[in-house]
Amino acid sequence: MTTRKKIAALAVMLILVTLPAMTSWAGETLNAVRAKGYVTVGVNGSLFGFGQPDAKGVWKGLDVDTGRAIAAAVFGDASKVKFIPLTAVQRFTALQSGEIDVLCRNATRTLSRDTAMGLNFVTVNYYDGQGFMVSKKLGVKSAKELDGATVCVLPGTTTEQNVADFFRTNGMKWKPVVIEQTAELAKAFFAGRCDVLTSDASQLAGTRAVSPNPSEYVILPEIISKEPLAPAVRHGDDQWRDIVDYAVLAMIDAEELGITSKNVDEMLKSKNPKVQRFLGVIKGNGKSLGLDEKFAYNIIKQVGNYGEVFERNVGVNTKLGLKRGLNALWTQGGLMYSPPFK
Amino acid sequence: MTVYEPIEEFTDLKPPVTSIGVLGWIRSKLFNNWYNSLLTLATLYLLVKVVPPFIDWAVINGNWNTTGAACHQSKGACWSIIHANIRFIMFGFYPPTEQWRPLLAMMLLFALLLVSRNRRWWSKYLGFAWLAGLVVMGLLMKGGLFGLPAVDSGQWGGLPLTLILSVFGLTAAYPLGVILALGRQSRMPAIRYLTIVYIEMIRGVPLISLLFMSAIIFPLFLPEGVTINKIIRAQVAIIMFTAAYVAEVVRGGLQAIPKGQYEAAESLGLNYWQTMRLIVLPQALKIVIPPTVSILISAFKDTSLVVIIALYDILKTTQSTLSNPEWMGFSTEAYLFLALVYFICCYFMSTWSRKLEKELQT
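Line by line, the protein sequences are chains G and H.
Residue numbers for the first sequence follow our numbering, beginning at 1 and rising by one.
Residue numbers for the second sequence follow our numbering, beginning at 343 and rising by one.
Any given hint could turn out to be false.
[What the hints assert, rightly or not] Here are a few chain G residues that face chain H, going by a calculated C-beta distance under 8 Å:
| # | residue |
| --- | --- |
| 1 | S46 |
| 2 | L47 |
| 3 | F48 |
| 4 | P53 |
| 5 | P85 |
| 6 | V89 |
| 7 | A186 |
| 8 | P212 |
What the hints contain is simulated information worked out from the structure, not anything from laboratory work.
The beta carbon of each residue, even a glycine, is placed where N, CA and C say it ideally should be.
Given only the sequences and the hints, what does the whole structure look like? Please build it.
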């Protein structure tokens, strides 16, 4: 395991050294994507609700649907997309080398990734944060009472660092139990090998839902980190960045305008100029982006608005059972906010 | 004349019951001295402790065809995880309507392997059959001809991908390894040092680092817009790695051939290639069958390392299934199944090598 980490670190260093040598991609991505006939999207591959194949091998998830929305915007056909599963180490290189056109792999937007890594993150498609889950038997009500706890945590992610920071700032001691695979980590926690399981809040809810006895576990109220998960593109191609950005924003704006995949055809007849501009009845938006005027219509018709995509993949009726929370529209107390489409 | 009558009938005395039959076997094999008796008792105790709970868990309480939720309620093994996800575990992203194609390709491969087991059927035609078979398998997987819809290699996965990486990896690595071994023995310094550098460099790094390089660093050196398929990159890394190990094994065989053989070949007027092809290699390769096969077996298992570059071989498809909340926590069952698949393949290879050794009388 340690050699693997060392090699990964070495690889990342080499990538960082070679980054300045990368040439600019201005305007090229859209043409290249059109020429090959599909969008190549880097996804997680084993994160339920965000990017994972189902038993039939069909890709499912919030990030996957974001990728489909981009394909719908570019080609008017959400199926013209190819998903490439990537590991955490591979994901940024794959984008840099041009192996993928856009990365939708629950990547947290940070300053260093936005600058030194040569990436451009677009609008956030999921606001996550790190939390703690404990057994009720422990009798703990707050994360501040966890002094001396053993904590199950995935190695090599920001998660591990966040826990260390949290315990240090609160002057508490802790002992990590580090396990590589998410599924194994959960198993270890339920078997009682550690007092606390820490992970992104979206994952904790899902893990609790499938535990042998969900009512025995509680998720503590503290969220100790900000994890704005967003799709990312390469530096240097502003047009492509705009397209990806507005594909995500179109889903958010559609929810605010009350347009769903079910009523989108009726909405074409709407008298509301905002809706008319959004759906391309009043022309202009598509041309500015270099896309078809119907790009937003195609996204909503074939993929759905943000609310639909959220409920389908991670919402209360799924195994993850997540509430909207920060991911609700700004009008409902969340952070999802789209600039006007005009 | 006196007739001496036998006083009584002589009957053959049977050995005591304690030294024949089942009892005798048990006595002589399991309880022939105090420490063996102790070991037998300890083993028995362990078996009693382990086997009934295992059978209880695996068979009696086992769930064979239920949902994940039902499994979470049950105390037994959840074999349903295999049952419900077998398609994805076996074929990955291959389109469900076309999955007969990888299945047929795999059956073709097994048929060829079975036929090749019998040495009497080894001939030029079997060689051609293998060539034709590999082409047909590639065609079945890739499609795009004869009305078969094309399937992008990005969608290949599961057991066919594991077998492709192994079969193509091993068949390409073996000849390359032999050439490298000959190169290392060459009288031409340039060739000799080049091969030595290659072999030692490859053997000096773990396979995982080669895979990382092929997946992460190599694409950055390619010109803009040019990308090489991930599977091909991993395949090349596996071939390069295995070839270096095969080369060292073959070198051992070459060095075991007495000098007289080379001299005899030279005195017959054979040139270098004739000497190698007719005299040296047939003997050398025969000697090194056992170590070669163990390298091939470990290379087969090493292909599972492609998991770390997110290729969906059979290990990765299983892990992907395990991260679905419905099936989370049944890793024991899933990994047991995987172990069985790997065991069958590896056992097949090792029995084949033993059979080959016996027939070639090495």
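Unmet hints by their number, sorted upward, for this structure | Of the numbered hints, all hold.
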